[in-house]
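For what it's worth, my numbering labels the leading residue of the sequence shown as 366, then goes sequentially.
Quick caveat, the hints were computed from the structure, so don't treat them as lab data.
Watch out, some of these pointers could steer you wrong.
Calculated lysine-lysine pairs in the DSSO-like style (CA-CA distance at most 27 Å, straight line) [unchecked claim]:
1) K371 to K602
2) K480 to K371
3) K386 to K602
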Amino acid sequence: MTPIVKVTNLDKYFGRLHVLKGISVEIQPREVVCLIGRSGSGKSTLLRCINFLEEPSHGIIEVDGVQVASGGKGQAHRQLVHDVRLKTGMVFQEFNLFPHMSVLENVIEGPVTVKGMDKAQAIQLGEKNLDSVGMLFKKDEYPNRLSGGQKQRVAIARALTMQPRVMLFDEPTSALDPELIGEVLNVMKKVAKDGMTMLVVTHEMGFAREVADRVLVMADGEIIEDSNPEDLFTHPKDPRTKALIDRYRTGEQ
Numbered sequence: 366m367t368p369i370v371k372v373t374n375l376d377k378y379f380g381r382l383h384v385l386k387g388i389s390v391e392i393q394p395r396e397v398v399c400l401i402g403r404s405g406s407g408k409s410t411l412l413r414c415i416n417f418l419e420e421p422s423h424g425i426i427e428v429d430g431v432q433v434a435s436g437g438k439g440q441a442h443r444q445l446v447h448d449v450r451l452k453t454g455m456v457f458q459e460f461n462l463f464p465h466m467s468v469l470e471n472v473i474e475g476p477v478t479v480k481g482m483d484k485a486q487a488i489q490l491g492e493k494n495l496d497s498v499g500m501l502f503k504k505d506e507y508p509n510r511l512s513g514g515q516k517q518r519v520a521i522a523r524a525l526t527m528q529p530r531v532m533l534f535d536e537p538t539s540a541l542d543p544e545l546i547g548e549v550l551n552v553m554k555k556v557a558k559d560g561m562t563m564l565v566v567t568h569e570m571g572f573a574r575e576v577a578d579r580v581l582v583m584a585d586g587e588i589i590e591d592s593n594p595e596d597l598f599t600h601p602k603d604p605r606t607k608a609l610i611d612r613y614r615t616g617e618q
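From just these sequences and the hints, can you work out the full model?
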């Protein structure tokens, strides 16, 4: 099977700081892959390089057949980056909703302005996705009237309305109060069950164990373990993975 995401020899520097060190990984269509690791291990940077929110220092990113090499210049490179971004939906820690727009306006803004979708079609699609995350009843509300969990569910609907081939989640529950985490994880489980390819940076070990097809463990800018959840959580091979899992079990981050 041809991978839908392929990262080859990816390096990322911030000044002299070497944040990602020769990362190579493939993700198959409909696969759910969770990325775990201590803060500062490079997880979020990897996600941001895949959709070029961060420009890779070295390496090749390929998403759904669109291949982009680092260091490109000019209009051709910018077009390839644009094409990759259209194929990747992104959900952030902070919800990044436009405060002056209603829920529905937030959800349809991207398809209308970026993809040129007919507004009536965008509304129909946006309402369908809001319904799928249980937020259609709030379509005319503004973000300041929503809880954190509701905002994140709207953010997921917004990303889905762009009709991406891959969804990237960057610690989507880390800014939420504990009682709101479950509602967002349940929506993510539904998105996974519907067949979306997902790459999820998370501290939620229960979610990773239940939903992921694979779990990648990062440390010091490298992938140190890549395994199915059962093997990884019961028989971690790298002592750093074991230490990480033990820390989560005792409630530390």
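Each hint, compared with the structure:
Proposed proximity of K371 and K602 is supported: the alpha carbons are some 24 Å apart, at most 27 Å. Only pairs whose Cα atoms come within 27 Å are accepted, and K480 paired with K371 is accepted, the gap being roughly 24 Å. Between K386 and K602 the alpha-carbon distance is near 20 Å, which keeps this suggested pair within the 27 Å criterion.
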